[in-house]
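Sequential numbering of the sequence shown, starting at 145, is according to this note's numbering.
Quick caveat, the hints were computed from the structure, so don't treat them as lab data. Misleading hints may appear alongside valid ones.
[Said to hold, decoys possible] Within a straight-line C-alpha distance of at most 25 Å, the following computed DMTMM-like cross-link-like pairs (lysine to aspartate or glutamate) qualify:
no. : residue 1 : residue 2
1   : Lys202    : Glu313
2   : Lys225    : Asp243
3   : Lys553    : Asp275
4   : Lys225    : Asp337
5   : Lys312    : Asp228
6   : Lys553    : Asp263
7   : Lys400    : Asp337
8   : Lys432    : Asp464
[As the list claims (entries may be wrong)] Just the calculated beta-carbon pair ranges, DEER-fashion:
no. : residue 1 : residue 2 : range
9   : Asn453    : Asp197    : 49 to 57 Å
10  : Asn453    : Ile264    : 41 to 49 Å
11  : Leu455    : Pro280    : 46 to 54 Å
The C-beta atom is built at its ideal place from N, Cα and C for all residues, glycine as well.
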Amino acid sequence: MTNSTVRLTLCGCVICCSALTRAELVPMGDEELSSMSGQAFITIDEPDPIVQDTTTYKYTRINLGMDIEAILTADELVLGKYQDDRDITNSGADIDMRDLALGKYFNPHDYYQVNSQGDIVYGSDGYPKPDPSKFPINPATGRQYEMSDAGAPMPFSIKDPYIEFAFKEENGVQSIAGFRLGFGGASGAFTTDIASLSGNLDVVIEDTAQALGTQDPDGFFGILLKYVAPLLLGDSKLSTRAVLQQGPDDPNPGQKLDYRATHIGVEDGTNFRVDASDVGTLNWFLLKTSMDLFAPPESGATTTCTSRNWLGSCTGGDIDLYTSDCQVAGIETCFPLNKYQTLDIGNGEEAGGMFLGVQVEQLPWRSDVFIPADPNDPLTDGEYVEGIMHAGKGFYLNIPTGGINLDLKQAVNNGLPRHSTRYTDASLGLF
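Whole structure, please, built from the sequences with the hints as guidance.
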């Protein structure tokens, strides 16, 4: 992929001097050189250009060969504050974040118990009751965190950061088109109160059909979803994807929006899918009949048989419900961004593709993108490969695709409460 690479190697030497002696620089012999090993600290790459119509985009990337672990905080981060006709949410800034933190401190209360309805369980002290089974693994020790580890730092991890410049070449004239700060890999807590965000934030929502019983959908069909569907579906997998979008009060509720978005949710026309491939012949018949008779037209409910027995009878399949105007069967699907205050980048694993860019116009950047096995069905399994992401004019933050997973209760009701980002915390008596 790389046409040329220029490597800058930083070498150091110590020259010891005194009034009586001087050290002489002597070339190293072949035997001494053969025992040495090392790698350039800084490399400069020129990735292959991207050609679109009559325009060629060329890139220069400065790679910093380092791994960083840190806890960083900022009272606010406001980028791109100017008037723009594209600002349909009237937010006033490309990116507006308050109380920003990368990394956190271990607080057992951040990993709380939930009841059968998915609601947070609180103790007599008013704080969420810890659930030790949810405590993460400490990468430094390889063991799970314990209650006694309260206050231990959990830094944000950055691997192979880089700075990249993009140049536009059109009709023989070259000009700078953008710049970005990116990470080869990133993991850890990303905590903030987001007022507006320009960029890409893909969230995977996964749960079991039992979670439908925690919701309050409308009408008779809603009653079936809440009380009957969990009995017939059992632990069948429920899944969908959420993206930055227009909110209920914006011109086109539920439509995807990557510029100054204030809401996130399931894009209008996207499906909630229940994988009911092994529910059995009777349960499938009851589910399909209920969908055919009672599902409202706006839900676009469909049933697709994917498995049959030796008699040819359907024993299970996929059930799809589609969103419309920020709702699916009466369940809200558009939510304010500030409802999700701590995002776990990578979910405990390293995620690639995170970057912050600024562009003078829409610009193609190379980044990890998700390619579903079925191009017409984004909920099918797939893989993350290097592809092209188009970032719009202004500031643009790309959160790794698939780097954030929520269950249905978190997505719709609880959100993601803010984790402990400062060492002082009244709930733990820390100081």
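Hints that the structure is at odds with (numbers, increasing): Of the numbered hints given earlier, the structure breaks none, since each of them holds.
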